[in-house]
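K.L.:
Below are the chains, spelled out letter by letter.
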Amino acid sequence: MSGVALRLQGVQKSFGKSAIIRGVDLEVPVGERHAIIGPNGAGKSTLFNLISARFPVSTGRIELKGHDVTGLKPFEINRRGLSRSFQITNLFHNLSVFENLRCAVLWSLGYRYSFWHRLAGLRDVRRQAEQVMEELGLAKRRDTPAGILSYAEQRALEIGITIAGGADVILLDEPTAGMSNTETEDAVALIRRVTEGKTLMMVEHDMGVVFGLADRISVLVYGQIIATGTPAEIRANAEVQEAYLGTAHAGDDGDE
Amino acid sequence: MIEPLFSRGRILLWLGGLAIAIVLPLVFSKGFAVSLLCQMGIMVVFALSYNMLLGQTGLLSFGHAVYYGLGAFVTMHALNMVGKGGFPITLLPLAGGAAGMAAGILLGYVTTKKAGTTFAMISLGIGEMVAACSLMFPGFFGGEGGVSGNRVTGKGLFGISYGSQTEMYYLIAGWAFVCVAAMFALTQTPLGRMANAVRDNPERAEFVGYDPQWVRYLMMVLSGFFAGIAGGLTALNYEIVTAETLNAHTSGVVLLMAFVGGIGFFYGPIIGAILITIMQIAIGGITKAWLFYFGLFFLFMVLYAPGGIASLLTVQRRLWVARLWWPLLPGYLLVLPAALVSLAGIVALVEMGYGLLEQEGTGEHAVHLVGLSIDAASGAAWAGAAALLAAGLLLVRWTWGRLEVKWNAALSALQNPGGAA
Ligand SMILES: Nc1ncnc2c1ncn2[C@@H]1O[C@H](COP(=O)(O)OP(=O)(O)OP(=O)(O)O)[C@@H](O)[C@H]1O
Ligand SMILES: [Mg+2]
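Which chain is which? The protein sequence lines are U and Z, in order.
The first sequence begins at 45 in my numbering and counts up one residue at a time.
The second sequence begins at 79 in my numbering and counts up one residue at a time.
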């Protein structure tokens, strides 16, 4: 399928008097891997929160796969095929790894609010949850409550819950934050595998990851996108150099 | 791993429970005992319906008696309407279930809009409102005297008339078994699991496609149904329903039952309902101070065993399976008498206090305790009781201190079985 997966038009968000997102226009074509970079506090997570309807937009319009989704509830947007992960791990902490994933696939397989199906009898649910669990490398932690997993395992499960339902537009907010180098490599490989053929939007601080993974990059500074382009274009962009890359992260980039 | 339809252990457990329920009134056949068993069966259903909210969905309700009470009143009116025969009494609790469910559909829509403290407060407010209504509409609620009826005028299925308390017990046991099984089955469905998810993290539930409000609402409606059935059984059992069935005290008792039993386990509220019913009726029959003991017991559980009795049992079972239980036994055997000494001290103090209060102005000061007659006005008796309590507490501290080291070691061995022996 071709076309536009996500389109943002004049999106603004203020908390009280402070304008955090100050007019964002963005188009992400179907199948693209799009990275959002920018300094701390630029509004990257807020932008994700707007797209996924965690917060309502102040003004502007958001389209998902050609349909206006502005003002919908998070679960309505999820049912239309958009799923997101959180910068701060957001799991069902008392439920086991397997149950977390099972909860993440139930709606998408059509079981909705059923109290007439027996969970244990739903082979499709089990198969899909177990497949994701294998993919995450968490099979040996199947029955461990999510709350007592290690940090890296929780981050993996965070991604797992996001992709388990089979959404075709995936938003990942700093999936590798706080990980060691090897853990980051594993996470990137995982993200690559599970978002194959899907539209991916991700916020990431690690320039190695960004330039290695993204088809296109948008740079968000102080609530506005100052540049969008291929990794090569972004690297060459003087304004970006000045606002962002030229400072702290210059040494990290370009390992491909 | 394939989850079996019904594991052998699980089938045995259910059959065992059923067998016990059938045999109990044969073993404890005195009228008093059968009444106690009836009350237990009703409370088991009520407490489990409560835990569908608290334990499974994370909704702390202070007004669950509304659904129970409305179920009871509607069943009583239904009984009086079908009294001439026709509708079998056996199925009458369904009228209570329908009433509880209808109340859930109407009131739940308001209460479940929010979770957390807001839900708790709204449930309290609605509970008070309905309790107030029960005084304002004597036509339906029967005013102070309540509504009464006669269950024997109707016909049961297969010609059972429910004239005797034992027959009534089997009616309650049958309904309780069906309801417990149904409520357990519900925990194994998509809705049941998503209720747990919403309890843990309502926000994330929204991002996997679920409306947490709707999950809470459905659980509320279903919980109202089972609470209504429990209410219906109460109506048939006592043949009278008063406003007390839907007031805040009843809501409080069911909360305590679920909590003391253990809200984190399906079977927890069953234990709580049985234990507290025994305390209410058995201890309540011996001493006027039973509410005081009840409060003390609740306090103790909240402070030292917040997971409830079910979690204590589960830990013991896991220790047993891991072969770590036997080494702890000597420690238990030391703590137990020490705890009993403390308890004796507390009981003596409380009973003397209540004795003085009760006999005020009569000139009598004698308090009878396990065959002893104590002069509650003497300083020596008070000093003795206080000394008993102090000694008991010191002993508990000392024996527990010795057990605690082993206990902690056993627990950590349980948590990392691969670790050092
Ligand atoms: N719910 C909220 N209420 C008020 N202010 C908020 C809220 N959420 C975010 N902000 C503010 O919006 C700004 C942008 O926050 P945001 O989390 O979007 O930044 P970010 O680009 O994701 O930063 P980081 O790289 O640190 O994750 C911050 O100044 C933050 O304080
Ligand atoms: Mg952020």
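Everything labelled a hint here was simulated from the structure, so no lab data went into it.
Just so it is clear, CB atoms sit at the ideal spot from N, CA and C, and this is done for glycine as well.
Please note: incorrect hints may appear among the correct ones.
To be verified - Taking lysine to aspartate or glutamate and the EDC-like style, the derived pairs with C-alpha atoms no more than 16 Å apart in a straight line are:
1. U:LYS117 / Z:ASP289
2. U:LYS117 / Z:GLU281
3. U:LYS109 / U:GLU120
4. U:LYS109 / U:ASP212
5. U:LYS184 / U:GLU174
6. Z:LYS108 / Z:GLU281
Unchecked claim - Computed beta-carbon distance windows for the label pairs:
7. Z:ASN486 / U:ALA276: 57 to 63 Å
8. U:ALA183 / Z:ILE98: 35 to 41 Å
9. Z:ALA263 / U:ALA276: 42 to 48 Å
10. Z:ASN228 / U:ARG124: 24 to 30 Å
Claimed, not checked - One side of the interface only, derived from the structure: several residues of chain Z facing chain U at Cβ under 10 Å:
11. GLY287
12. GLU322
13. ALA458
K.L.:
Each hint should be assessed against the structure and marked as holding or not.
P.N.:
Do the hints match the structure? See the list:
1. U:LYS117 / Z:ASP289: Roughly 9 Å between the alpha carbons, so the hint for LYS117 of chain U and ASP289 of chain Z holds.
2. U:LYS117 / Z:GLU281: Within the cut-off at roughly 11 Å; holds.
3. U:LYS109 / U:GLU120: Distance of about 14 Å is within 16 Å: holds.
4. U:LYS109 / U:ASP212: Given pair LYS109 of chain U, ASP212 of chain U holds - Cα atoms ~10 Å apart, limit 16 Å.
5. U:LYS184 / U:GLU174: holds, 11 Å
6. Z:LYS108 / Z:GLU281: violated, 53 Å
7. Z:ASN486 / U:ALA276: 57 to 63 Å: holds, 60 Å
8. U:ALA183 / Z:ILE98: 35 to 41 Å: Cβ of ALA183 of chain U to Cβ of ILE98 of chain Z: about 40 Å, so the range 35 to 41 Å holds.
9. Z:ALA263 / U:ALA276: 42 to 48 Å: violated, 59 Å
10. Z:ASN228 / U:ARG124: 24 to 30 Å: Violated - the Cβ-Cβ distance for ASN228 of chain Z and ARG124 of chain U, about 59 Å, lies outside 24 to 30 Å.
11. GLY287: holds, 3 Å
12. GLU322: violated, 32 Å
13. ALA458: violated, 54 Å
In the structure shown, a violation is registered for the earlier hints numbered 6, 9, 10, 12 and 13, in ascending order.
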